[in-house]
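Protein chains in written order, with the numbering used here: chain A, 941 to 1391; chain B, 941 to 1391.
Keep in mind the hints are simulated off the structure, nothing from the lab. Some clues are possibly wrong.
Copies of one chain are not kept apart here, so a pair can be met inside one copy or by any two copies together.
Derived BS3-like pairs (lysine-lysine); straight-line CA-CA distance at most 25 angstroms [what the hints assert, rightly or not]:
| # | residue 1 | residue 2 |
| --- | --- | --- |
| 1 | K1329 | K1357 |
| 2 | K1121 | K996 |
| 3 | K996 | K1010 |
| 4 | K1139 | K1121 |
| 5 | K1003 | K943 |
| 6 | K1324 | K1121 |
| 7 | K943 | K996 |
2 protein chains.
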Amino acid sequence: MAKMTPRTLSGFMELLPGPQQQMERIMEILRRTYSLYGFTPLDTPVIESSEVLLAKGGGETEKQIYRFQKGDADLALRFDLTVPLAKYVALHYNDLTFPFRRYQIGKVYRGERAQRGRFREFYQADIDIIGDGRLSIINEAEIPAIIYKTFSTLGLKRFQIRVNNRKILNGFYAMLGLTEKSGDIMRTVDKLDKIGPEKVKAILTGDLAVTPSDADEILKFIAISGGNDAVLSALEGYRGRNEIFDQGLEELNTVVRYLADFGVPAENFAVDLTIARGLDYYTGTVYETTLLDHPEIGSVCSGGRYDNLAEYYTDRQLPGAGISIGLTRLFYVLGEQGMLNPDLPTAPADVLILPMTEDLSAAISLATLLRENGIRSQLHCEEKKFKQKIAYADKLGIPYVIFLGEDEISSGVVACKDMATGEQTKLEPAATVYRIKAGLAEREKGTVIQE
Amino acid sequence: MAKMTPRTLSGFMELLPGPQQQMERIMEILRRTYSLYGFTPLDTPVIESSEVLLAKGGGETEKQIYRFQKGDADLALRFDLTVPLAKYVALHYNDLTFPFRRYQIGKVYRGERAQRGRFREFYQADIDIIGDGRLSIINEAEIPAIIYKTFSTLGLKRFQIRVNNRKILNGFYAMLGLTEKSGDIMRTVDKLDKIGPEKVKAILTGDLAVTPSDADEILKFIAISGGNDAVLSALEGYRGRNEIFDQGLEELNTVVRYLADFGVPAENFAVDLTIARGLDYYTGTVYETTLLDHPEIGSVCSGGRYDNLAEYYTDRQLPGAGISIGLTRLFYVLGEQGMLNPDLPTAPADVLILPMTEDLSAAISLATLLRENGIRSQLHCEEKKFKQKIAYADKLGIPYVIFLGEDEISSGVVACKDMATGEQTKLEPAATVYRIKAGLAEREKGTVIQE
Chain A
941 MAKMTPRTLS
951 GFMELLPGPQ
961 QQMERIMEIL
971 RRTYSLYGFT
981 PLDTPVIESS
991 EVLLAKGGGE
1001 TEKQIYRFQK
1011 GDADLALRFD
1021 LTVPLAKYVA
1031 LHYNDLTFPF
1041 RRYQIGKVYR
1051 GERAQRGRFR
1061 EFYQADIDII
1071 GDGRLSIINE
1081 AEIPAIIYKT
1091 FSTLGLKRFQ
1101 IRVNNRKILN
1111 GFYAMLGLTE
1121 KSGDIMRTVD
1131 KLDKIGPEKV
1141 KAILTGDLAV
1151 TPSDADEILK
1161 FIAISGGNDA
1171 VLSALEGYRG
1181 RNEIFDQGLE
1191 ELNTVVRYLA
1201 DFGVPAENFA
1211 VDLTIARGLD
1221 YYTGTVYETT
1231 LLDHPEIGSV
1241 CSGGRYDNLA
1251 EYYTDRQLPG
1261 AGISIGLTRL
1271 FYVLGEQGML
1281 NPDLPTAPAD
1291 VLILPMTEDL
1301 SAAISLATLL
1311 RENGIRSQLH
1321 CEEKKFKQKI
1331 AYADKLGIPY
1341 VIFLGEDEIS
1351 SGVVACKDMA
1361 TGEQTKLEPA
1371 ATVYRIKAGL
1381 AEREKGTVIQ
1391 E
Chain B
941 MAKMTPRTLS
951 GFMELLPGPQ
961 QQMERIMEIL
971 RRTYSLYGFT
981 PLDTPVIESS
991 EVLLAKGGGE
1001 TEKQIYRFQK
1011 GDADLALRFD
1021 LTVPLAKYVA
1031 LHYNDLTFPF
1041 RRYQIGKVYR
1051 GERAQRGRFR
1061 EFYQADIDII
1071 GDGRLSIINE
1081 AEIPAIIYKT
1091 FSTLGLKRFQ
1101 IRVNNRKILN
1111 GFYAMLGLTE
1121 KSGDIMRTVD
1131 KLDKIGPEKV
1141 KAILTGDLAV
1151 TPSDADEILK
1161 FIAISGGNDA
1171 VLSALEGYRG
1181 RNEIFDQGLE
1191 ELNTVVRYLA
1201 DFGVPAENFA
1211 VDLTIARGLD
1221 YYTGTVYETT
1231 LLDHPEIGSV
1241 CSGGRYDNLA
1251 EYYTDRQLPG
1261 AGISIGLTRL
1271 FYVLGEQGML
1281 NPDLPTAPAD
1291 VLILPMTEDL
1301 SAAISLATLL
1311 RENGIRSQLH
1321 CEEKKFKQKI
1331 AYADKLGIPY
1341 VIFLGEDEIS
1351 SGVVACKDMA
1361 TGEQTKLEPA
1371 ATVYRIKAGL
1381 AEREKGTVIQ
1391 E
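Isolated chain A (complex conformation):
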């Protein structure tokens, strides 16, 4: 028969079993952490009607979307988890209780040009808190805690949650009478790191026709930096000139004020006035998270406060706050940087049982016992040489191998080899279970990511 050469599409991550186990650990930590903060899991369809998914329309999104006909239906694959959430909340409004806190970890699709580290199918891991009409600032203050808990549980230490408030930016530009131009100005100022202040000023005063004194004001404002207290106290100098600004400063003060109570160490947090994010969408606190030793990766967890989640579907005012982790890309980068802990078990089983007798009853009963005790166990009954079976455990990194011959069966013991140390014990089944569980607990110590 002619064979089709098997392949996986470019831009689609398909992991080997070892890395997949690491990915599963990460996902489990995200699920558990998000749950701790009172978020409920959701799972929405991957396919939606195109008119629903593209209600907002326009932009880069539409070009990248996977869209197709099936019968008469015009369908599309979701390109993020926010639009499906907006649809969900508008559609099921009467069945939900607000504030509505949900997390979702799911695949999304964007037909980007394939390049190294860019994916067309990738996981996003999102949380959002949706209010009905109003939403307290405390939700925005809580989000750094969730980011901190998530990344520190994964094992990261050297990361920084950078926070700003869009009202401060909008209020500041309103003070200068530059509200109309604020979008263009922010995009220009965003290039500060790359092109330097001279060139930024040249563009501001040239292309954007900002007066030289306003340009200086902008550069002075954007240069405000230092510790949180220093930045907040510099911002106090602008108070009283614009209502929106003052409101933003109040909010930022609230976010910073409760950090310690939320368990976020000062070194993992910074007020950063250069962060703007999603110019049209966010209206209050905005977040970015960077790995201090890998600034080139950019933000690994971003989000913010928005005023109107579902405006394309409903007249109801549904403000929210949320963050998103681009999980597939993060996992790829962590792998590239060698930051995935190789010492955590990734084997499919904890124990490989090698029966040494014709009758398999004793071996099978032992496997059943181990499984009842929560030990992941595999019987190896294939017609292979003993050496090959040991090599099988070795290759897969299975930590324990049990031999069960006539001698062991008749004396009611189990021969169990620790593959790492080579140490072999002959103990009763219950004692063997105890030893294995203690060993596994030891092996589980350590975090998924290591710096």
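Following the hints, position chain B against chain A.
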């Protein structure tokens, strides 16, 4: 602004938060159970190249498939998890260790006519064991144990794993010289329950031109029933007439022989000669699982032994054995039948904290403490009346509400109300944690499914 009416496509399951929590429990049990038997998780892309996915071609599948162009690429959504597994094993052959045991729980897509309880996007939960060249019968004997453990952990008691062996059927038809017609005969015999033996015989002797005496032989064979021992001993009467038959009988004997050692109670297992399944694909043991009180649902977990997983992609002989649970449909049916346990918690949080002071430090610190102790906690800081906040906890089924006012803060205690009993305690934080955890453990007792 004109609004787009939000909707979810028909044939796509989208659960409300409560049922979604039940679904998550079920998925977690599947993951944990499959892991106990040494299966490693895999996650393959939802989209594959059409030529890869349809290498086998033809049949109902191709009509139902979601297939589309993106740029120059001819793409399709996976319609099961078996073809992607075949591709995966052929593609990554050199990086895998055999026997290769994997589980996958993932969404698949079939554009079936939408009707009640039929889904176009649905989860399958599969396990497969793939051998390189050969695969021991013990793997086939182990599968009923996995099915039993899975369903009994979910909480089902009244179910039956029905097992047959294709070699017995093929060998039997070969004895009669009816190998050529065996497919048609099996399809006819499959209608026995519906149309009765008279009509089956009429079709056999009419359309299929089987002699009346062979037709009687077939009806006699297919009528063999009773306990496992009775069926096996009736089959012994056919031994020695066909090599394939004898081999199948040996295999079936092995499967039955180790059932008790594998922990499968006799009442959950039955040898059933009427089961054939996937006529082209399966070659040895085949499985179906039925709910005794709901035969109308059909099989909720099916599978079997096959000789050639990846024949469209590679010349290598890769025999395997596997089963699949149609999870979305099963969940739907369990819900319809009222079999999902309503007493297990489905709230997004275990505790709702109501701060009664302007300064939120104490309330936030308490939330942080609870979370550090693994208690899912939500702060309710919205501008709502006290009564509304209690109603919020009530609606969501959050089991504990904590009030934190000046009095409690100054005396270092926490007022905690058990929403089910109305009982309210004032205890120190550590004692409150202890009480809540004990209460939660109590609430977690019981299984997801109840009969």
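So, going through the hints one by one against the coordinates:
no., hint, result
1, K1329 with K1357, "within (13 angstroms within a copy, 57 angstroms between copies)"
2, K1121 with K996, "within (23 angstroms within a copy, 59 angstroms between copies)"
3, K996 with K1010, "both (22 angstroms within a copy, 22 angstroms between copies)"
4, K1139 with K1121, "within (18 angstroms within a copy, 83 angstroms between copies)"
5, K1003 with K943, "between (35 angstroms within a copy, 23 angstroms between copies)"
6, K1324 with K1121, "neither (74 angstroms within a copy, 38 angstroms between copies)"
7, K943 with K996, "between (45 angstroms within a copy, 10 angstroms between copies)"
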